[in-house]
Amino acid sequence: MSSGRGGSWTFAGAVVVALLLLDFVDFAQTKNFEDVRCKCICPPYRNISGHIYNRNVSQKDCNCLHVVEPMPVPGHDVEAYCLLCECKYEERSSNTIKVTIIIYLSVVGALLLYMLFLLLVDPLIRKHDPYTQPLHNEEDSEEMRPPVDPQARGNTVLERVEGAQQRWKKQVQEQRKTVFDRHKMLS
Amino acid sequence: MNVTVSQPDCLSGESVISDLSAALLHPVSIHVGSTPTEEMNGAGNLMDFLDEPFPDVGTYEDFHTIDWLREKSRDTDRHRKITSKSKESIWELIKSLLDAWSGWVVMLLIGLLSGTLAGVIDLAVDWMTDLKEGVCLSAFWYSHEQCCWTSNETTFDDRDKCPQWQKWAELMTGHAEGGGAYVLNYFLYVLWALLFSFLAVSLVRVFAPYACGSGIPEIKTILSGFIIRGYLGKWTLLIKTVTLVLAVSSGLSLGKEGPLVHVACCCGNLFCSLFSKYSKNEGKRREVLSAAAAAGVSVAFGAPIGGVLFSLEEVSYYFPLKTLWRSFFAALVAAFTLRSINPFGNSRLVLFYVEYHTPWYMAELVPFILLGVFGGLWGTLFIRANIAWCRRRKTTQLGKYPVLEVIAVTGITAVLAYPNPYTRRSTSELISELFNDCGALESSQLCDYINNPNMSRPVDDIPDRPAGPGVYNALWQLALALVFKIVITIFTFGMKIPSGLFIPSMMAYHHHDWIIFKNWCRPGADCVTPGLYAMVGAAACLGGVTRMTVSLVVIMFELTGGLEYIVPLMAAAVTSKWVADAFGKEGIYESHIQLNGYPYLDVRDEFTHRTLATDVMRPRRNDPTLAVLTQDSTTVEDVETLIKDTDYNGFPVVVSRESERLIGFVQRRDLTLAIKNARQKQDGVVSSSVVYFTEDAPQLPASNPQPLKLRRILNLSPFTVTDHTPMETVVDIFRKLGLRQCLVTRSGRLLGIITKKDVLRHMAQMMNQDPESIMFN
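Residue numbers (this note's numbering), protein chains in the order written: chain W, 1 to 187; chain V, 1 to 777.
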């Protein structure tokens, strides 16, 4: 809510693009040969042990006669044997799985790096800069209004990003106090 | 903007409010520049989102309640303006059409994003849960089942093994079996679980502390009119999605359904900020959030209709018919998106789709009702134990070590879960196994019935077969798993990571009935279907904990596809609700709302005491007198002192201190902003300027400084009741209209004020609870 419509448009745009990409990956690809299968499970019968048969056939061919090869029983027993078998048609999308897992891992990796940066590298940088307020956890920091430094509203992108990041950090700190320290919310 | 107020003493709040928004937006241009409400003109405005936004008049502060009437009248005004302008030109007509459609566009976007996020979460959980045990060598992104998809193992016994999937012990040491391998697997399982949960709690703590917990109690409070800034923000959305996967994969006894509702509401909030119709109006925004909650449940359970009913029954406060249609659409789009991502590879939305159709018999209603009774008792026990534990966490030293707590609970869960094969895998898989009837495709021990190799009928006739040793083995393992799950869920729900509770509730219970009803089969007799009892037990349990009825039954039969079993489900749900309500009226979410002291006025509570408005109003006998403003004799300095010295949210305005006849009510925030504006922009306004709320300036000698007219921020129609109004009526008014405060008068003279907090405190007092636990304003 603090970013206004410009930020929301950018974020929402990125999100919609990612979303469409994911769906497009799913729709646009032809079905991978290995992504469909018909699985027939035949339990033990007389002196034949149980077997599972997998074959890449289409849905209309997914029955015992097409999939179970070589047939372990002689011709007159085939019908009785096939009645015991259960065949199921399954399909999946391996590309979707791959893309999703890789995107997820990269997001987690990026967050992890940013977290390490904030916890380890940032305090070292801030110590050298006398003009920015260091992030500290005293109780009175919430009472002080941040000094509206006219130089802080600089026009370069970097300074504005700095300002936004400082505000975000203060917000998170406030949230952390509410939830973790004062237990005012979320027990 | 040229909306003018022509009548001198208008009595309707509407035109005053429109005047408020029009007048304060138009001449004073301080905030119009920085909030980019008009079209963007290049990169300059694109960077504006990095600047701090100036607070608008008519917005609310954090942790305050909104004024539903004001929001409603603002929306009516906006709509009227657009409709009147649409006759002017084609462009205006198009704009009015776009405005009308913006609601549906928002729903579409919410459905798309929630469905996508739910698909991502499902796939990632699937993979990471199996990552604790082993890895797929050919393609690391495959889970166990996906890895062995194209395996050529054909023997019945080896159907779960394939060479591409290796457990960690096998990968590291080369041995697949043996004591050493078991210990190494065990150790690595616990290590992975600890790593995942540590990562989850660190991310929550560093980036978005609001992402912990289930989210449903807070969303209920937000939907009833409370403001919690940042709770539905972008960072909360991102962190909740990421850490939910980690928390579920770490094997903790929690589910993802509650957090998915929170995620969906965050998506709703995100898309609301794209349209000023929703971003500037808190009341309309809450309509969108109700619909988003429906979309969340729809993708969590694969139950679109259940989702709409859940939003209606559990989460929403006001649910007009328009919201019903919008929720329906959002749930539909979300379910469709999730299906197109197809996370489970079998074109179903949820893991436990069952397909049996055995009929149930009339005599079986008795055990179903018994299941309901047990479910209600379990629900009460769980709620009491969980609230006691959460209260302890809130008030004692335990609350100071959230990270350690998470790690400890994960460690205990992992260590105790690994040996028992039923608790080792994910809860959803276990539920699916217990719900299912045994066919030839099942490899679990539960289906280890002795097969007569000479029989020629299909294997579905379980009842007549004696149970093999595997079933008895499974029974005592399940019993242990039941006890373990019950205890550990009590400690898990409420920790500082995203945690839901639908799945664990279902779990704990249907172990139980599976065990009981397993042994009722006698050879040759009609037998019970264990899967059905598991399902009914799960529904009873969930009903006992959350006190849902209609939405629960609909969700259960959408989850399982068992349309024949609606009547047993309904019987069990109703019984469990009756039994549980006999012990305590609140479900788990209402109990958490009470624990945290949120200002939530429950629509279900009945107020039957015979107190009057005078008993509740402030000021009480020993309090200082009511802080009021007069209509034309207060100075700016006086007002500022009043604002500084007190922390009331608003002040009544009276004719004069002697007569105390009520004119109207003014909000603190509006007063502060108006005075600040006036000091900066208007000439001649100094501390000794007189503030007046009348239409014409008071007669003052010319030497006095310029008076300041603040009629525009005055609400000329505050709600009033007389001092003898029964509190029953007052509570009803607060509930139905969503008021924040109500003034008490006697023969036209102002006596006092009743705020929502006073009402809540009074109700708590009447119910013998601690009235000081109502914390927020």
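Hints in this document: simulated from the structure, not taken from any laboratory.
Incorrect hints may have been included.
Stated by the list, open to error - Partner residues aside, some chain V positions facing chain W, computed with beta carbon under 7 angstroms:
1) V120
2) L123
3) W127
4) W141
5) K394
6) P619
7) A697
8) P701
9) A702
For every residue, glycine included, the Cβ atom is placed at its ideal position computed from N, Cα and C.
To see whether the hints hold, each was checked on the structure:
1. V120: This interface hint holds because 5 angstroms falls under the 7 angstroms limit.
2. L123: Constraint on V/L123 satisfied, holds at 5 angstroms.
3. W127: Holds: closest Cβ of chain W sits about 6 angstroms from V/W127, inside 7 angstroms.
4. W141: holds (4 angstroms)
5. K394: holds (5 angstroms)
6. P619: Since chain W brings no Cβ nearer than about 27 angstroms to V/P619, farther than 7 angstroms, the hint is violated.
7. A697: With Cβ-Cβ at 34 angstroms, over 7 angstroms, it is violated.
8. P701: violated (39 angstroms)
9. A702: violated (38 angstroms)
In this structure, the earlier hints numbered 6, 7, 8, 9 are contradicted, and the remaining ones agree with it.
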